[in-house]
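Just need the whole structure built from these sequences, with the hints factored in.
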Amino acid sequence: MRAQCATFDTPLTFASGFVLPAYQLMYETYGTLNADRSNAILICHALSGHHHVAGTYADQPKNIGWWDNMIGPGKPIDTDKFFVIGVNNLGGCHGSTGPSSIDPATGEPYGSSFPIVTVEDWVNAQVRLADRLGITQFAAIIGGSLGGMQAMQWSLSYPQRVRHVLAIATAPNLTTENIAFNDVARNAILTDPDFHGGDFYQFGVVPTRGLRLARMLGHITYLSDDAMAGKFGRGLRSGEYQFGYDIEFEVESYLRYQGDKFASYFDANTYLLMTKALDYFDPARHTGHNLARAFAKVEAKYLVVSFSSDWRFSPDRSREIVKALLHNKRDVSYAEIESRHGHDSFLMQNEQYFAVMRNYLNNVARKCSI
Amino acid sequence: MNTSIVQTRPDFAAIAAWIPQGASVLDLGCGDGALLGYLTNTRGVRGYGVEIDDHGILRCIERGVNVIQNNLESGLADFESGSFDFVILSQTLQATKHTEALMKEILRVGREGIVSFPNFGYWKNRLQVLLGKMPVSRDMPYQWYDTPNVHLCTLDDFENLCAHLDFTVLGRHVITAGEEINFMPNLRGSTAVYRFKRAD
Chain L
571 MRAQCATFDT PLTFASGFVL PAYQLMYETY GTLNADRSNA ILICHALSGH HHVAGTYADQ
631 PKNIGWWDNM IGPGKPIDTD KFFVIGVNNL GGCHGSTGPS SIDPATGEPY GSSFPIVTVE
691 DWVNAQVRLA DRLGITQFAA IIGGSLGGMQ AMQWSLSYPQ RVRHVLAIAT APNLTTENIA
751 FNDVARNAIL TDPDFHGGDF YQFGVVPTRG LRLARMLGHI TYLSDDAMAG KFGRGLRSGE
811 YQFGYDIEFE VESYLRYQGD KFASYFDANT YLLMTKALDY FDPARHTGHN LARAFAKVEA
871 KYLVVSFSSD WRFSPDRSRE IVKALLHNKR DVSYAEIESR HGHDSFLMQN EQYFAVMRNY
931 LNNVARKCSI
Chain G
17 MNTSIVQTRP DFAAIAAWIP QGASVLDLGC GDGALLGYLT NTRGVRGYGV EIDDHGILRC
77 IERGVNVIQN NLESGLADFE SGSFDFVILS QTLQATKHTE ALMKEILRVG REGIVSFPNF
137 GYWKNRLQVL LGKMPVSRDM PYQWYDTPNV HLCTLDDFEN LCAHLDFTVL GRHVITAGEE
197 INFMPNLRGS TAVYRFKRAD
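Heads up: the protein sequence lines correspond to chains L and G, in order. Its first residue numbered 571, the first sequence is counted upward by one per residue in this note's numbering. Its first residue numbered 17, the second sequence is counted upward by one per residue in this note's numbering.
The set of hints was computed from the structure by calculation and includes no laboratory data. Watch out, some of these pointers could steer you wrong.
Unchecked claim - Interface residues of chain G toward chain L, partial, derived using beta-carbon atoms under 7 Å:
#1 68
#2 70
#3 73
#4 82
Using N, Cα and C, we set each Cβ at its ideal position, and we do this for glycine too.
In C-alpha cells:
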C-alpha cells in the first residue's frame, strides 16, 4: 500500500469563519470497495495519529500503521470484508494541509496564520474525500478518543452518510480537568523561546523543549497509576540514589524517551491545534447542554466502548453518549472493557475488546453485499 | 432455531405470548440475548438488553441484539422513566441483592413488568429442605455456599411483594417441565412467570 494525496480547490469555511482556499488530505486505503460501494469504513485518528493506520510500506518495513493490531486481513476491522480508509486530519503534520505546510499565497509555512480547526471542520473537509471516492454512505466510521469525537460528529453533521458509529474511549465533551491538562501542555509549547509565536519554521528551530514537556504530561494521563506502577514501579536505573537531577527512576527515563521521540517528528502547531479541537468539541453546546437533543438527528447505529481504568475518558462519559442515544431510541450497544492500561487501552490488544469489535463488525459486514 | 429456544426455556414462550407486535422491551440480565433475539424475530420488538457478564455481551453483539453492559444492582439510572412498554427480568430476580429497589425500578422504567423465577415452594425443593438439605435442582443448580441466588422466594412470597409495592398482577404462568400448572401451583410449579403493573 502507499499513501495518496487528494487535493481540493473549493474554498472551505471553518467554524471560526476562516476560509481556506484549497487544501490537501493524505489518505490510505485497504481492501476493496464493493460494487455498490457499501463496505467503506473510515478510521478517525486521535491527537497524534495519521493516515497510516495499518500495514507497512514496501520500502519501509518497520513503519507499521498505528492501529495495525486492529485493522488488516482477518483482524477485527477486516480488510478482507471492508474497504478501510485512513486519513490525516486537516491541520496535521503528516502531509495533509496544516501549519507546517507551505501557504501558496506567501510561499512560507502557514505557521501562526493557520486557523484553529474544529472537529466539525475535519468532517466537512473529509466529506469531500468521501465524495471523490464515490462513497455516499460509510458502513462504519470508527475512532478512539479524539477520533471517537470525530466519528460521532459525522453522525451529527451528515446523519445519512454513516450507518454505524464505533465510538471508543471517547466523551461527549472534555471534562474541566482535561481542558486544564491541555492548557498546561499548550503553555509548555507557547512559552518555549523557540516557538516564536508559531512561526519557528523561518528561524530554523523547533520548540523541542515545549513539545516534549507537553508529550510527557499527556503520556502520564494516557496511562493509569496501576499500569505505570506495574511497568516501572520505583525502579532505579543504577539501583542506587545518585543525589542529583539526572534521570534516576525508570519512569523518568521512559517519559523523557517518549518526549524526545515525539518532539523529533511532531509539529508543535499541530499539537496546539489538536488539543484545541478536543477542548472545543461539545455537540450539546447549541442545545442548552442537552446531549439527548443534540443527538436527535443521529440516524446511525452505535457501538460505544470504554475502558475501566481510563480516567481521561472515563466509562461514565461514554455512558452519557449511550444515554443520549437511548433517549432518542437509537440502536446502541455498550461494552465496558476491563483493562488496566488507562486511556491507551484503546490501542492495546485485549481479548474482550477485540472480540466485541469483531462481533459487531461481522454483523455490519453481513448487511453489506460483499 | 426459535422453537428450540422455547423448548429449552419454557418461560420464554410464556413471556413472548404477552408481548404484542412492535413493543419496546428492556431485558434485564439478558444473558446471551436469546430472549431478545427471539422477541425481535417473532414480535418485531425494539429491544435492549442489560448484562454485566463479558461473555453475554459478546453473544448479544454477535446476535445483533442491542446490549448495555451494566450492573443491575447499581440501578437503571441510564434509562428514563416510562421509556419501555415492558421491562423483563427473566430468571434473575433471585440473584439480585436489592430486590425490592429493582422491582420499583422495573415499573419506573417500564409500563409493565415481566418477571420469571424458580419457585422455592416447588414440592421437590420443599422435600429437600424437609430432608434437611438446601435444594439443588435443574432450576437451582448451585450448592448453598456458592450460589448467586440470595433472594429465593415462593409464588406466594412474590405475590405478597407485589401487594406490598402496590403492583397489580396482570397474568401468571406456572410451569413444570414445560407443562402449565394450574392446580396447586405454589406446590407443583417449578418456574413462575408474572406480568404486573402499578395499581391504578
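Taking the hints in turn, this is what the structure says about them:
1. For residue 68 of chain G, the suggested interface contact is broken, since its CB lies about 9 Å from the closest CB of chain L, more than 7 Å.
2. Checking residue 70 of chain G against chain L by beta carbon gives a least distance of about 5 Å; that is within 7 Å, so the hint holds.
3. The closest approach between the C-beta of residue 73 of chain G and any C-beta of chain L is roughly 5 Å, which is under the 7 Å cut-off, so the hint is satisfied.
4. Using the Cβ-Cβ criterion of 7 Å, the hint placing residue 82 of chain G at the interface with chain L is satisfied: the shortest such distance is roughly 5 Å.
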